[in-house]
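Protein chains: 2
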Amino acid sequence: MLRWMRQAIAERRAGLLTYGITPPKKSFEEAKRREVARRQLERIAKLPVDGLVIYDLQDESTRTDAARPFPFMETVDPVDYGLDYLAALKVPKIVYRCVAPRSLHDLRGNLARLDTAGGLTVLVGAASRTQVARTRLPEAYALCRDELPTMPVGGVVIAERHQAKGGEERRLLEKAAAGCSFFVSQAVYSPGASKDLLSDLYYCCAEEGQAVPPILVTLSPCGSRKTLEFLGWLGVSVPRWLENELLHARDILQTSVDLCCEVFADLSTFARAKGIPLGCNVESVSLKKEEIEASVELLERVARLLGRDTSPKAFPATVAHTKLDGSR
Amino acid sequence: MLRWMRQAIAERRAGLLTYGITPPKKSFEEAKRREVARRQLERIAKLPVDGLVIYDLQDESTRTDAARPFPFMETVDPVDYGLDYLAALKVPKIVYRCVAPRSLHDLRGNLARLDTAGGLTVLVGAASRTQVARTRLPEAYALCRDELPTMPVGGVVIAERHQAKGGEERRLLEKAAAGCSFFVSQAVYSPGASKDLLSDLYYCCAEEGQAVPPILVTLSPCGSRKTLEFLGWLGVSVPRWLENELLHARDILQTSVDLCCEVFADLSTFARAKGIPLGCNVESVSLKKEEIEASVELLERVARLLGRDTSPKAFPATVAHTKLDGSR
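The listed protein sequences correspond, in order, to chains V and B.
Under this note's numbering, the first residue of the first sequence carries the number 778, and numbering increases by one thereafter.
Under this note's numbering, the first residue of the second sequence carries the number 778, and numbering increases by one thereafter.
Hint data in this document are derived by calculation from the structure and do not stem from the laboratory.
Any given hint could be a false lead.
Since the list gives no way to pick one copy over another, a pair counts as held whenever it fits inside one copy or between any two copies.
Said to hold, decoys possible - Using 25 Å as the maximum straight-line C-alpha spacing, the simulated SDA-like pairs for lysine to any residue come out as follows:
id: 1; residue 1: K942; residue 2: R890
id: 2; residue 1: K1003; residue 2: Y979
id: 3; residue 1: K942; residue 2: L1023
id: 4; residue 1: K1003; residue 2: D977
Produce the complete structure using the sequences and hints provided.
Here's what the structure looks like:
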């Protein structure tokens, strides 16, 4: 089971599906952390996913001068959270790792532990040029290449960066050359911006006789005007028409789930026609019950879009849906 | 039959379908003009359209400093062309009229003739602020309101203008207040830009308790790199991914027809969900046989998308598809 995700990435499979969470706040006492983990475990075990993405939140306030709509809160370390608190969850853990705040030595131990547990990582560079970086992305890539060669390393891909200055397909391929075998996008609300990037990537790969690596499109339900504002703060491009739909919606959360489905269906059709191995990562970064439920609904709808069997029988627990040898 | 289009606009019907042509060059001798008209008539009589749009080409070189990829050629007057050369074609003529180069007196006679023949007009203002205007758009609107109150007057709507500076929904509603009862877009290749405009228009109308007027989305097949360049010169926004598809296509013309269909299907779904009366105008502005055939294919595919019966039996000639009282 744990090897399934690694194999799927090695085979550049389309249609991978993950669920993305943030660890509980560091300020939570141990009992509360365990309680959060227990509830997450119970929920995630029922989901038809290939992997669990665990984010590594960092204070990105150096990236912009605008005030952060939600305050930054330090969380439990995502590797600790995935491997200790969620140890009973037999789903591959895909742990985001912001490399800038850590020493190379620290990173080495942390990632080696993740590798031993069958995990995967997504390495994230500094939030801006002004952030002091103890480790730079190329050093972290080199560490993984040299010392943890079997652990798949992912990279972050941002369509908005492509829109603003172009060349994101080149940066993606440079990361691939440095060892990234899959990519996860920032939250996507603009099908146009993502198509532009996928298209440029596709033709660039075709020209160089290279295969397009698997890309997970991140979808993130939006439960309020304030969250919409936060998406803007994070640099997520929301087209005018889609913003209108959310702002005028009677139920902004449900509307965002519907729109996220539309966006993914659009991108998925586009990618399938070109043989781009597109997958999906559904983000659940809120603690509110209704927003968590919305993310589960979104995940299940995307699973159906991807043609997966989402009946409880097919996924009584995530452990049951793949065999130990990685076959289905 | 001729009244059908007028009635459909008065009722704000969705799904109107027109075909758009340019008159032959003025330099053509009479025999050649007649020959062009005969061939167009034969072709258009078979099409399942509600109206025939006839463009009024003007030298727009004051609009931009960039060199025009195709030279400007003066054509036969579109009212003369529609009412004389294509008189036998029993389809309502929707004649574009650039008002700037004409005196109000001249315009009055010209439009009155069109009105008597059951036609419609689309009034077009100066191409730029620097163009010398003998008549301004507000004067032309006033003329129609006061002297030709039963002839539907259309306006041009440009999503790219909305993208660049916003407020196109306001300009559209100002034109509506001045008497425009329908709108025709510039060639559309960017579904995102058009959705942004339709969305802003929809919510603006909802707020003011106003009905959204019928809007015809213009689709224009693109047969070559040079035509693609010309679209750029005209200010048509072509998203990066769509440009890639065209530039890498084995058959750019056929690919453009496929993409135009996709764009319209996307916009049509979007508009239907909101009750926006969207229609389509398929442009055929080339003299090349294969480009003309492509426009006919595109029109027939859009007709099917709109749920029309396009069998030859249903449209043995355009005259047959509506009764004289305008009912279907």
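If you check each hint against the structure, which ones fail?
Number 1 only.
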